[in-house]
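There are 2 protein chains.
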Amino acid sequence: MTGFRDDGREALEWAARYLERVDELPVLSQVDPGELRSRLPASPPDEAEPFSAVLRDVEEILLPAMTHWQSPRYFGYFAISSSEPAILAELLAAALNQNAILWRTSPASTELEGVVLDWVAELLALPVGWHGHIEDTASTSTLVALAGARELAPERRVVVASEHAHSSVEKAVKTLGLELRRTPVDDAFRLRPDALDLTGACAVVATVGTTSTASVDPVPAMADACVRDGVWLHVDAAYAGSAMVCPELRWAFEGVDRADSLVVNAHKWMLVPVDCSLLWSRRPEALRAAFGLVPEYLRTAEATEGIGEYGLALGRRFRSLKLWAVLRCYGRTGLQRLIREHIRLAELFESWVRDEAGWEISAPRHFSLVCFRREGSDEANEELLERVNASGEIFLSHTKLDGRYVLRLAIGQERTTEDDVRVAWDLLRRDAAGL
Amino acid sequence: MTGFRDDGREALEWAARYLERVDELPVLSQVDPGELRSRLPASPPDEAEPFSAVLRDVEEILLPAMTHWQSPRYFGYFAISSSEPAILAELLAAALNQNAILWRTSPASTELEGVVLDWVAELLALPVGWHGHIEDTASTSTLVALAGARELAPERRVVVASEHAHSSVEKAVKTLGLELRRTPVDDAFRLRPDALDLTGACAVVATVGTTSTASVDPVPAMADACVRDGVWLHVDAAYAGSAMVCPELRWAFEGVDRADSLVVNAHKWMLVPVDCSLLWSRRPEALRAAFGLVPEYLRTAEATEGIGEYGLALGRRFRSLKLWAVLRCYGRTGLQRLIREHIRLAELFESWVRDEAGWEISAPRHFSLVCFRREGSDEANEELLERVNASGEIFLSHTKLDGRYVLRLAIGQERTTEDDVRVAWDLLRRDAAGL
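Protein sequences, first through last, are from chains L and X.
Residue 435 is where the first sequence ends in the numbering used here, and the numbering goes up by one at each step.
Residue 435 is where the second sequence ends in the numbering used here, and the numbering goes up by one at each step.
In short, the hints are calculated from the structure, not lab data.
Computed from a predicted structure; not experimentally measured.
Incorrect hints may appear among the rest.
Because identical chains cannot be distinguished in the list, a pair is counted as satisfied if it fits within a single copy or across any two copies.
Restricting the straight-line Cα-Cα distance to at most 25 Å, the calculated cross-link-like pairs of lysine to any residue (SDA-like) are [said to hold, decoys possible]:
{"#": "1", "residue 1": "K400", "residue 2": "S377"}
{"#": "2", "residue 1": "K400", "residue 2": "L63"}
{"#": "3", "residue 1": "K400", "residue 2": "L293"}
{"#": "4", "residue 1": "K400", "residue 2": "D378"}
{"#": "5", "residue 1": "K400", "residue 2": "S351"}
{"#": "6", "residue 1": "K400", "residue 2": "A390"}
{"#": "7", "residue 1": "K400", "residue 2": "W14"}
{"#": "8", "residue 1": "K400", "residue 2": "I361"}
Using the sequences provided together with the hints, build the complete structure.
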């Protein structure tokens, strides 16, 4: 164990130093495709190497090939954070290597998962009594929810979602052998309830916080229609769900209490490293009907259910530990503070864009995502994005709205300060002027 | 960062101490269902707590509710190991929080995953050029492979597998809306090729190392039939695949070179903590046809593919890092040594059972799994299992073969020594005598 303690000290120090200097590293990796591969041996070693050699290569070879999601100036897609307590909880989880294939193979992992899902349900003011469990990503959570919906209405083969629903809905629908019906959106990128057609539908997916603009579908109207026609309502709040820890933002969850399932990614805006997607359902028996197979070698005297009966994977790592560590080490107020600060920064950036000639806001701002563009051609905006990203100073991503190329600035990194947002704005204006 | 360094030191020391004393802890958790939950608060804290409070509760509250997969006397299901370099690699991965949704969002994670899958392919003597990527569990890997098969032959709705194929095959088939045709096995629990009916089949699943007995399906005959009828052959070697690092065991992979896809779980017998399931395919274009959706907000200038195009999940954590750490810190010879020692211990245990009156071997032993029973009733064997497991000294699981209750002793923990196996045998004999 001397080796483990010594190697561990080195690894821990490397991680600490990484977090201290991540703001000095180019946010978007500057390597070319294939460059990393060419720097690594084509074959594995025959003989053991010391861990210090691995750590050296992480620093010298891997680090330049990383895009730094932990950088305070990472503003792409949805920005995420792996917080310090969660990092250490992952160390513990790996050491413990619990595998909750059944309750008895890890009562701790099985029961803690239920407890922390209840805790988060309370923080987000979800209805009492929903069954929660953890999946890897929202892609899987949505697949699991839609499989539950299909189970209840096997003759109905259509899933309805807005044009702005995440691509994972299309993936899940295709995987399940169902058919996706895209519903048009209004001028604020929200599903148009007047265009909702539930003919032959087994499920409707409402998005609270779409990927392109963080728009919020009209869940109450969608819930009305679903209740009327007996259709499963799945709510995808992968990004925005965490914001419901703040009561003043809960307008966005109106109607969600009537959903049949809900996904919120704790690895997006709840300080937990990937992967940790939270799936709740009001109808867990449908998930169990879809996935609950108990072969002989898994039958036990306790007959206590395993979480695997509610999803695809049988093996399950101890994901709840990191979420538990975050909930305790931040508390309700710590999580609220994070969300509120990120929204304040987004509002600030939005105001700068709005007040500056030659720039425009491209979609109503919700939460911590600002969609904007330089007035002018799509090509100029695309070039602007490539240029600021190539600088390594900041990283933003883009989308298309009504056919126009639009930049997205997403705030979600724990380390992001007002100075970082100002750096982004200054750089955007400077590079735009130089185009 | 002082907090992180101090908390990290405590967490690391706790992990080191855990690994030092895990052999003294009851292998199977001795708590009752609900006991852990009742010891945790019903609500999350409002205010932040120090990380040391979390660590204290891991020790005092969670630890008694754990079944110790890291114990040298864990012999249940398939025993697994989380090795020291892999534990530290998970710490690094959590600190880096790479999310490889696209190549550009983590060239390091994207390319290292390709490199280590090539490395393992070489170690296992797989054909050159197969496309490999990592999924969470074999359940997902098999789903992805069968989705690829369905894509190539959408009009054929049957998947063929043996009666002894893993329950995850049934789950995947059901999820994909396909139909499972179970093929009978011979007296050594291998699929009977003369009973193989490929009518309407889009895929056949061959298992190398079944869950009940580690039996090996006749892959060459199954490959012949698949090639003849143009049917996708998926090989499930989740457990036994890692053993192919030893040339003397490669008889078990005969014919696998003609498979269309193959799953091996590095988190089973390759010293990597859950989850890390390796999926190779000879036809990656089929996986891409099944899962490759690239929405606008994910399109990038490099047009370099993301691994997510080959599976369900879009978000992907840096799983390759722990596998890379293991491959380097053990090397080919270290992995061979582990496999050979585990097989030696299983052979030894098998010989003890065989030579003892009143006991019988219930299935041919393959690799490191011994299926055995006390002569007599199923009830007596079941009681014996409950009794030895309740002791906390060892943990074994069971299966049913030809309707009879059978005990399984699976060796796969890195810490397991000959003494541990002897403890298991002494305890089994003692408790059997007392029944």
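Cross-check of the supplied hints:
1. For a Cα distance limit of 25 Å, the shortest separation of K400 from S377 inside one copy, 13 Å, qualifies, whereas the shortest one across copies, 69 Å, does not.
2. For the identical chains of this complex, K400 and L63 are neighbours neither inside a copy (31 Å) nor across copies (50 Å), given an alpha-carbon limit of 25 Å.
3. Within a single copy, K400 and L293 get their C-alpha atoms only as close as 43 Å, which misses the 25 Å cut-off; across copies the closest is 16 Å, which meets it.
4. For a Cα distance limit of 25 Å, the shortest separation of K400 from D378 inside one copy, 9 Å, qualifies, whereas the shortest one across copies, 65 Å, does not.
5. Proximity of K400 to S351 under the C-alpha cut-off of 25 Å is restricted to the intra-copy arrangement: shortest distance 22 Å within a copy versus 68 Å between copies.
6. Taking the closest pair of Cα atoms, K400 and A390 come within 25 Å of each other only inside a single copy of the chain (21 Å); across copies the shortest separation is 60 Å, beyond that limit.
7. Taking the shortest alpha-carbon separations for K400 and W14, neither the intra-copy value of 39 Å nor the inter-copy value of 49 Å comes in at or below 25 Å.
8. With identical chains, the CA atoms of K400 and I361 are at most 25 Å apart within one copy only, with a shortest distance of 13 Å there and 65 Å across copies.
Going down the numbered hints, you'll see the structure goes against 2 and 7, while the others check out.
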